[in-house]
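Taken in sequence, the protein lines are chains A and B. Under the UniProt record's numbering, think of the first position of the first sequence as 1, with each following residue one higher. Under the UniProt record's numbering, think of the first position of the second sequence as 1, with each following residue one higher.
Since the hints were made in silico from the structure, they are not lab data. Glycine included, C-beta positions come from ideal geometry on N, C-alpha and C. Heads up, a few of these hints could be off.
Said to hold, decoys possible - Interface residues of chain B toward chain A, partial, derived using beta-carbon atoms under 8 angstroms:
1) ILE19
2) LEU60
3) GLN114
4) ILE116
5) ILE151
6) LEU210
7) LEU214
8) GLY219
9) GLY239
10) GLN308
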Amino acid sequence: MVVIISVAGILIKSWFRPRRGMQTVTLIPGDGIGPEISTAVMKIFEAAKAPIQWEEKNVTAIKGPGGKWIIPPEAKESMDKNKIGLKGPLKTPIAAGHPSMNLLLRKTFDLYANVRPCMSIEGYKTPYTDVDLVTIRENTEGEYSGIEHTIVDGVVQSIKLITEDASRKIAEYAFEYAKNNQRASVTAVHKANIMRMSDGLFLRKCRQVAENYRDIKFTEMYLDTVCLNMVQDPTQFDVLVMPNLYGDILSDLCAGLIGGLGVTPSGNIGANNVAIFESVHGTAPDIAGLDLANPTALLLSAVMMLRHMGMHDYSKKIETACFNTIRDKKVLTGDLGGKSKCSEFTAEICQRVRDMD
Amino acid sequence: ADFFALAPIQWEEKNVTAIKGPGGKWIIPPEAKESMDKNKIGLKGPLKTPIAAGHPSMNLLLRKTFDLYANVRPCMSIEGYKTPYTDVDLVTIRENTEGEYSGIEHTIVDGVVQSIKLITEDASRKIAEYAFEYAKNNQRASVTAVHKANIMRMSDGLFLRKCRQVAENYRDIKFTEMYLDTVCLNMVQDPTQFDVLVMPNLYGDILSDLCAGLIGGLGVTPSGNIGANNVAIFESVHGTAPDIAGLDLANPTALLLSAVMMLRHMGMHDYSKKIETACFNTIRDKKVLTGDLGGKSKCSEFTAEICQRVRDMD
């Protein structure tokens with residue numbers, strides 16, 4: 001009797017404890033093409049035998065106690081426990097009454113840094129080759145304070161807020177990222193010639209943080225000069241750190257250089273070591289459920305996630321399989337110029353991943 | 001080139017180094033102001049911004065003196081001057097008096113700073129009207145308002161509303177709206193989808209430089225500033241290049257194309273076409289190019305080549 005109970009106990013324990021070495025990640029498939037591209041990512045991770053266990057959660061906003069919109073407590077608990085999340089596109093319902101889900105997630109987990117590595121993809125032709133830069137955007141304040149007033153009839157003011165704390169935090173993240181990812185330089189992007197106090201404060205914090213990273217080259221450049229130079233020669237840029245609005249613009253500009261939101265990964269870093277990686281394209285309702293979607297953006301975001309978690313071998317393996325598939329141009333989804341289905345593109349990457357072992 | 005194009009233009013040279021006026025305020029020399037007020041049209045080269053001179057930027061002073069509310073930059077790909085793009089043909093029209101450049105900032109508490117962005121109904125209406133008039137006078141098919149009204153609902157919302165209202169009076173011109181980030185995302189993938197773009201100050205600062213980059217940079221980009229009372233000042237927007245000043249190495253293309261823009265503004269379409277064509281053909285044929293365009297010619301040689309082509313057109 002005692003032996004049977006012990007064995008039963010061991011069996012029961014192993015159901016609830018993750019397999020040794022496995023890390024659990026919260027997965028938010030999202031809407032539209034979200035579920036199918038999430039499935040694609042899970043299949044590829046399985047083929048790679050990556051030690052990731054997925055915990056699927058829904059984040060449709062609900063009304064919490066006190067009438068405030070919140071994400072479902074289940075989803076929040078999962079993220080707080082796992083710390084790492086992967087998220088597909090969420091639709092922004094126009095008349096649902098609640099704020100954008102992305103905004104809600106940002107506030108819930110204090111996602112203060114938005115990180116987008118932009119690397120040219122061989123085989124996916126754009127006017128540029130050799131783009132290899134990272135935009136790091138402060139994502140909590142700046143021009144997106146939401147504070148606006150009508151002064152008198154026909155005169156409106158919008159307030160841009162810059163704080164010492166947020167500026168220091170994002171600068172620290174940028175330099176740590178550069179250090180952990182062997183990046184040579186960090187450039188602060190600003191308009192302190194025009195906005196002397198606000199951007200001036202941002203710049204000062206960047207300079208102060210730079211002092212603690214003598215191995216990393218620190219430069220400063222006006223936003224308009226960055227744009228002027230970026231479209232002429234993006235190879236001159238490495239890590240770029242900036243306040244909210246400039247980050248909004250530059251991150252999309254850079255995504256355009258490598259081919260658009262369908263191939264661009266993105267990560268959001270929050271307080272308490274929470275990090276949510278996500279594709280930043282839309283839900284594409286017109287092709288949802290038709291096995292036509294391109295999972296590249298979500299897959300590269302998942303690769304970014306693996307790197308963040310220190311799983312460099314797995315991230316390299318999966319990323320290489322993805323890039324080689326695109327480079328060889330035999331199996332490509334429609335948006336990449338091919339005729340293959342999402343499942344075929346996924347299967348091709350899975351095969352390449354398996355062949356690497 | 002104008003001497004040889006026989007363009008009916010007489011030049012009145014003026015200096016605009018800031019001086020202290022009565023009351024201690026920095027002003028441009030009265031002579032220069034009178035000249036502009038009389039002539040209405042000006043052409044300006046690069047001005048240096050002295051760091052410790054004590055006075056504000058000359059460009060800012062000019063802008064305030066003549067209420068230069070619209071900054072206009074036509075960006076057209078130059079055949080022979082290779083960039084990752086061909087067929088760029090768009091115009092950025094930037095509101096140049098308000099928006100994020102109000103200069104109003106405060107420290108709220110230690111470590112918390114606010115900057116004020118001002119959008120007014122009047123300035124928004126004025127710039128929208130200019131954009132549609134420009135489109136009409138230059139046979140442009142569409143005007144796109146660039147904004148972030150999803151985030152800045154009131155300020156950019158006001159700007160957008162005025163654009164929509166003005167659009168109603170120009171039914172022949174297609175009016176669209178696009179978020180600034182979407183514009184940038186699309187601009188670097190396919191700039192041919194854009195025509196006339198109108199926007200508030202900061203977005204204009206960024207987009208006008210982005211677009212200049214698409215066609216090859218500030219060395220080849222023309223610019224015009226439209227002010228109150230029909231004043232218009234056309235200018236090259238590159239720097240003073242002190243390292244090559246006086247060495248006959250400079251590229252006059254940006255200032256020349258700005259002068260071409262000026263001729264168009266004055267209704268002198270034949271002359272503008274002639275000079276522009278001579279300039280573009282010189283660059284296209286690649287035999288006589290200044291250093292920055294990839295050649296070895298002097299400024300005077302490049303200029304002489306354009307002059308010859310202009311004369312040959314008669």
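How the hints compare with the structure:
1. ILE19: Not OK, violated: ILE19 of chain B not within 8 angstroms of chain A, min 23 angstroms.
2. LEU60: 10 angstroms, violated
3. GLN114: 5 angstroms, holds
4. ILE116: Given a least distance of 5 angstroms, the restraint on ILE116 of chain B holds.
5. ILE151: Interface hint status for ILE151 of chain B: holds (6 angstroms vs cutoff 8 angstroms).
6. LEU210: Holds - the Cβ of LEU210 of chain B comes within 8 angstroms of chain A, reaching about 4 angstroms at its closest.
7. LEU214: 5 angstroms, holds
8. GLY219: 11 angstroms, violated
9. GLY239: For GLY239 of chain B, the interface hint is violated, since the closest Cβ of chain A sits about 11 angstroms away, which is over 8 angstroms.
10. GLN308: 31 angstroms, violated
Hint violations for this structure: numbers 1, 2, 8, 9, 10, all remaining hints satisfied.
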